[in-house]
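J.: The residues making up each chain are set out below.
There are 2 protein chains.
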Amino acid sequence: MEHKEWMRPEDIERRSMEIIEQEMPAGNWTLGERAVVKRCIHTSADFDYASNLYFSPGAVERAIEILRTGAGIVTDTNMAAAGINKKVLGRLGGTIHCFMAAEDVAEEATRRGITRAVVSMERAAKLNGPVIFAIGNAPTALLRLDEMIRAGELVPSLVIAVPVGFVNVEESKERICTAGVPCIIARGRKGGSNIAAAICNALLYQTG
Amino acid sequence: MEHKEWMRPEDIERRSMEIIEQEMPAGNWTLGERAVVKRCIHTSADFDYASNLYFSPGAVERAIEILRTGAGIVTDTNMAAAGINKKVLGRLGGTIHCFMAAEDVAEEATRRGITRAVVSMERAAKLNGPVIFAIGNAPTALLRLDEMIRAGELVPSLVIAVPVGFVNVEESKERICTAGVPCIIARGRKGGSNIAAAICNALLYQTG
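Taken in order, these protein sequences are the chains called A and B.
Heads up, the first sequence is in my numbering, so the first residue is 1 and it goes up one at a time.
Heads up, the second sequence is in my numbering, so the first residue is 1001 and it goes up one at a time.
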């Protein structure tokens, strides 16, 4: 097959990161933050992530530390959960939790007239141990997290606030910015489950 | 909760599509193609998808027809599989196939010194009935599909060729363009598993 001569996947990733490095601005990120920015660009080919990502001071470095101790990750879509490297997370002792598809979550959401994302965050708030929230889809998930954080009911190790969208999304992300917890935010409209997973993976790959 | 006053998810989607419609160019897409473009922008907030998507003539309309008859969808990542609306696909009688995580696929790939994506496409080529290939990640998957198509070993109903990336990706997508099968392609570097899933969903939502 002709394409046997093409690069191997490992080499492709290395070369891709070199290209991204060449084309992205110098920025004033820490090394850890820079790795997150690069992986977001790698997963989207969208250099806007070199300008729209906000990191609360020390958030990346603390998240890497906490992942090393086996922190769990909560997502608001099965798609983000599918994109996170479970081999690396599992090796560290961590687990992914996504409550969105649970039948009783749907029932509770219908009964209370709220979104499944809100119910999912309430379930996640009851998990034991340190937890990173990776939210790439639902603004209501962020709003509920923000409420619980401000009420002192939840102290997340990190909130990755990167829903994509055109309505309610920017406001929901900006709220997390001022909630007083470590956060990584994609300001503006952009983001998504792929970006949430990419950020988690960028953190996981720095635990080694 | 204050955010009870925020829009419901259904309303958010409707309003988002209106905003996208306002901001995107008029274009000369068919109605079906336009729905695909809009959903790609909806999932990424990236209006580049208004200029980089190529549709072979009639591909969207034929894909909608074939999905109505219960066509299957093959993906090259579990993430894309997770993002496709399985409720709608299942109602039509279709199934999603992703062979990437199968243990024997990994073994065969190692033994033959090729990627798991190539082995996965070979397995998928043996599926019965009409199949849509939704490739959002691996250029080698597209290259193998291209080889099998040109060798007359495979006649896919549609190839969605939207890997994201910086190395080998553009070439792999351009090859599918001239393979003589119905295709939807994200030209250039952009794409991804989220885009592959969004395109499948845009097709599925037009079967009703």
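If you are wondering where the hints come from, they were derived from the structure by calculation, not from laboratory data.
Keep in mind the model is a prediction, meaning the values are calculated, not measured.
Glycine is no exception: its CB is placed at the ideal position from the N, C-alpha and C atoms.
Any given hint might turn out to be false.
Straight-line alpha carbon distances no greater than 27 Å define the calculated DSS-like cross-link-like pairs of lysine-lysine that follow [stated by the list, open to error]:
{"id": "1", "chain 1": "B", "residue 1": "K1126", "chain 2": "B", "residue 2": "K1087"}
{"id": "2", "chain 1": "A", "residue 1": "K87", "chain 2": "B", "residue 2": "K1086"}
{"id": "3", "chain 1": "A", "residue 1": "K38", "chain 2": "A", "residue 2": "K87"}
{"id": "4", "chain 1": "B", "residue 1": "K1126", "chain 2": "B", "residue 2": "K1086"}
{"id": "5", "chain 1": "B", "residue 1": "K1086", "chain 2": "A", "residue 2": "K86"}
{"id": "6", "chain 1": "A", "residue 1": "K86", "chain 2": "B", "residue 2": "K1087"}
{"id": "7", "chain 1": "B", "residue 1": "K1086", "chain 2": "B", "residue 2": "K1038"}
Take a look, some chain B residues computed to stay more than 10 Å from chain A by CB distance [stated by the list, open to error]:
{"id": "8", "residue": "M1007"}
{"id": "9", "residue": "S1056"}
{"id": "10", "residue": "E1061"}
{"id": "11", "residue": "V1088"}
{"id": "12", "residue": "R1091"}
{"id": "13", "residue": "P1139"}
{"id": "14", "residue": "E1174"}
{"id": "15", "residue": "C1177"}
{"id": "16", "residue": "A1179"}
{"id": "17", "residue": "V1181"}
J.: Please flag the earlier hints that this structure goes against, numbers listed from lowest up.
T.: 8 and 13
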